[in-house]
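**Student:** All chains should be built: construct the whole structure from the sequences, respecting the hints.
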Amino acid sequence: MNNLTTRPEVLNVTKEESKVTLSLKVTEQITYFQGHFPDAPILAGVVQLDWAIYYARSLFELTEVEVEEIQVLKFQNVIVPNSIITLRLVQKSPTKVVFEYESEKGNHASGRIVFEEL
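Counting in the numbering used here, the sequence shown runs from 5 upward without gaps.
Among these hints, one or two may not hold up.
[To be verified] Label pairs and their calculated CB-CB ranges:
no. : residue 1 : residue 2 : range
1   : V82       : L8        : 13 to 23 Å
2   : F41       : T10       : 12 to 22 Å
3   : E32       : E68       : 30 to 40 Å
4   : D54       : S97       : 15 to 25 Å
5   : E32       : E120      : 30 to 40 Å
6   : V118      : E32       : 31 to 41 Å
7   : E73       : N7        : 31 to 41 Å
8   : P42       : E68       : 33 to 43 Å
9   : D54       : K109      : 15 to 25 Å
10  : E121      : V84       : 32 to 42 Å
[As the list claims (entries may be wrong)] In silico lysine to any residue, SDA-like type, Cα no more than 25 Å apart, as pairs:
no. : residue 1 : residue 2
11  : K78       : Y36
12  : K100      : E21
13  : K109      : N16
14  : K19       : S107
15  : K96       : V71
16  : K19       : R92
17  : K19       : G115
18  : K29       : L53
19  : K109      : V50
20  : K78       : V50
If you are wondering where the hints come from, they were derived from the structure by calculation, not from laboratory data. Heads up, the beta-carbon is just placed ideally off N, CA and C, and yes, glycines get one too.
**Tutor:** Put into structure tokens, the structure is as follows:
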């Protein structure tokens with residue numbers, strides 16, 4: 005497989021105050037699908053969490069702080085190659101961001117990221 009990448013293709017971003025919604029295309033070129041699992045690839049939960057942290061940091065200007073804790077983490081449905089998913093991020097306070105992944109198949113994952121105090 006050529007042109008492997010570690011992030012999804014961002015199709016659209018909508019930002020309003022403390023809420024950001026991203027439409028993401030999770031292509032089969034995502035390197036994390038390699039070997040996870042060969043006959044039925046799925047996107048690992050740790051990758052979903054990493055993406056939520058990455059986008060929360062960049063979109064809410066939290067690049068200078070570390071993640072302190074992950075709370076109420078839930079995984080409901082797997083994400084497979086060539087899916088279009090929505091990542092919704094809501095900044096509940098200066099240090100807390102709630103995330104949720106969903107698609108036409110329903111909810112995939114959700115949780116709360118707690119960053120260190122600034």
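**Student:** Each hint should be assessed against the structure and marked as holding or not.
**Tutor:** Structure-based check of each hint:
Under the hint 13 to 23 Å, the C-beta atoms of V82 and L8, about 20 Å apart, fit the expected range. Range check, F41 to T10: Cβ separation about 18 Å, and the 12 to 22 Å hint holds. The hinted range of 30 to 40 Å is satisfied by E32 and E68, whose Cβ atoms lie roughly 34 Å apart. Under the hint 15 to 25 Å, the C-beta atoms of D54 and S97, about 22 Å apart, fit the expected range.
A hinted range of 30 to 40 Å holds for the C-beta pair E32 and E120, which are about 36 Å apart. As the Cβ distance of V118 to E32 is approximately 33 Å, the hint placing it in 31 to 41 Å holds. Checked against the hint of 31 to 41 Å, the pair E73 and N7 passes, with Cβ atoms roughly 35 Å apart. The given range of 33 to 43 Å is respected by P42 and E68, whose C-beta atoms sit roughly 40 Å from each other.
For D54 and K109, the Cβ-Cβ distance of about 21 Å falls inside the hinted range of 15 to 25 Å, so the restraint holds. In this structure, E121 and V84 meet the distance hint of 32 to 42 Å, their C-beta atoms being roughly 38 Å apart. Of the supplied pair hints, the one linking K78 and Y36 holds, its CA atoms being roughly 20 Å apart against a limit of 25 Å. Distance restraint check for K100 and E21: the Cα-Cα separation of roughly 15 Å lies within the 25 Å cut-off, and the hinted pair is therefore satisfied.
Taking the CA atoms of K109 and N16, the gap is about 19 Å. The hint holds against a cut of 25 Å. For the hint linking K19 to S107, the alpha-carbon distance of about 19 Å falls within 25 Å, and the restraint holds. Among the hinted pairs, K96 with V71 is consistent with the structure: their alpha-carbon atoms are about 15 Å apart, no more than 25 Å. A distance of roughly 10 Å separates the Cα atoms of K19 and R92; the hinted pair therefore holds under the 25 Å criterion.
For the hint linking K19 to G115, the alpha-carbon distance of about 19 Å falls within 25 Å, and the restraint holds. Straight-line distance between C-alpha atoms of K29 and L53 comes to about 16 Å, which keeps the hinted pair within the 25 Å bound. Taking the CA atoms of K109 and V50, the gap is about 20 Å. The hint holds against a cut of 25 Å. Only pairs whose Cα atoms come within 25 Å are accepted, and K78 paired with V50 is accepted, the gap being roughly 11 Å.
No hint from the list above goes unmet by this structure.
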